[in-house]
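K.L.:
Take a look at the letters that make up each chain.
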Amino acid sequence: MMIDCREASRLISQNADRPLPLARRVQLRLHLFVCDACTNFSRQVRQLRKGVRAIFW
Amino acid sequence: MQETLLAALAAEKSFAGRSNLRTWLTGILKHKIVDSLRRSTRERAPEVELSADDLDELFDASGHWREPPQPWPEQAFEQKAFIQALEKCLAALPARTGQAFLMREHLGFDTGDICKELAITPTHCWVLLYRARMALRQCLEKSGITR
Chain A
1 MMIDCREASR
11 LISQNADRPL
21 PLARRVQLRL
31 HLFVCDACTN
41 FSRQVRQLRK
51 GVRAIFW
Chain B
1 MQETLLAALA
11 AEKSFAGRSN
21 LRTWLTGILK
31 HKIVDSLRRS
41 TRERAPEVEL
51 SADDLDELFD
61 ASGHWREPPQ
71 PWPEQAFEQK
81 AFIQALEKCL
91 AALPARTGQA
101 FLMREHLGFD
111 TGDICKELAI
121 TPTHCWVLLY
131 RARMALRQCL
141 EKSGITR
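Chains as they are written, first to last, in the numbering used here: chain A, 1 to 57; chain B, 1 to 147.
Quick caveat, the hints were computed from the structure, so don't treat them as lab data.
A hint or two may mislead.
[To be verified] Capping the alpha-carbon separation at 20 Å, the derived lysine to aspartate or glutamate pairs in DMTMM-like fashion look like this:
1. A:50 / B:87
2. B:142 / B:74
3. A:50 / B:74
4. B:116 / A:17
5. A:50 / B:57
6. B:88 / B:141
7. B:142 / B:57
Generate the whole structure from the sequences, applying the supplied hints.
P.N.:
And the structure:
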């Protein structure tokens, strides 16, 4: 049931492109709750999006 | 368009009044468009199916990050240094990876449209996007944007 950072990082990226199935979303949420590195990565994915928008404005 | 008119002239003899001129020309134009799309897909370099396996090297045997992502300044995207570093890192991405990423993040395409545009499978598409994000975060942290 618990996923590792490798898998969590893939889910974080996919989550930025399409809605995850409920079970995956729960797994990711549980992982993020205990993992600072993946929480950082999740924020970075959003910051990259904002950065790209800032470049092309 | 020129091709359409040339094709029209060349085929004029076969236009035996079976439909009006406009329908006939429109028909030719449609065929031309389909032709050119087919051609551009065919001419593209053959695409090797990507997997994300090589990205596994970024993690140790127990699945932890070898270089854990760091917290970035909250409003990093408002800082000139961050934007400049991001531009550099984007330019350093492999062509396909960069295209897919910008289609997604700049043009706001959904992955279905990106797949069609790049003639790749949905799996390939998300691997490219994942690859882009992993490469960009590494590249940006190397350029020293962490707080």
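K.L.:
Now look at each hint and say whether the structure bears it out.
P.N.:
Results of checking the hints against the structure:
1. A threshold of 20 Å between alpha carbons decides the hint, and for residue 50 of chain A with residue 87 of chain B the separation of about 13 Å falls inside it, so the pair holds.
2. With a CA separation close to 18 Å, the supplied pair residue 142 of chain B and residue 74 of chain B stays within the 20 Å bound.
3. A distance of roughly 11 Å separates the Cα atoms of residue 50 of chain A and residue 74 of chain B; the hinted pair therefore holds under the 20 Å criterion.
4. Proximity of residue 116 of chain B to residue 17 of chain A is assessed by CA-CA distance (about 15 Å); at most 20 Å being required, the pair is judged to hold.
5. Simply put, residue 50 of chain A and residue 57 of chain B have alpha-carbon atoms about 28 Å apart, too far for the 20 Å limit, and the pair is violated.
6. Taking the CA atoms of residue 88 of chain B and residue 141 of chain B, the gap is about 13 Å. The hint holds against a cut of 20 Å.
7. Between residue 142 of chain B and residue 57 of chain B, the direct Cα distance comes to roughly 17 Å. Compliance with the 20 Å bound is thereby established for this hinted pair.
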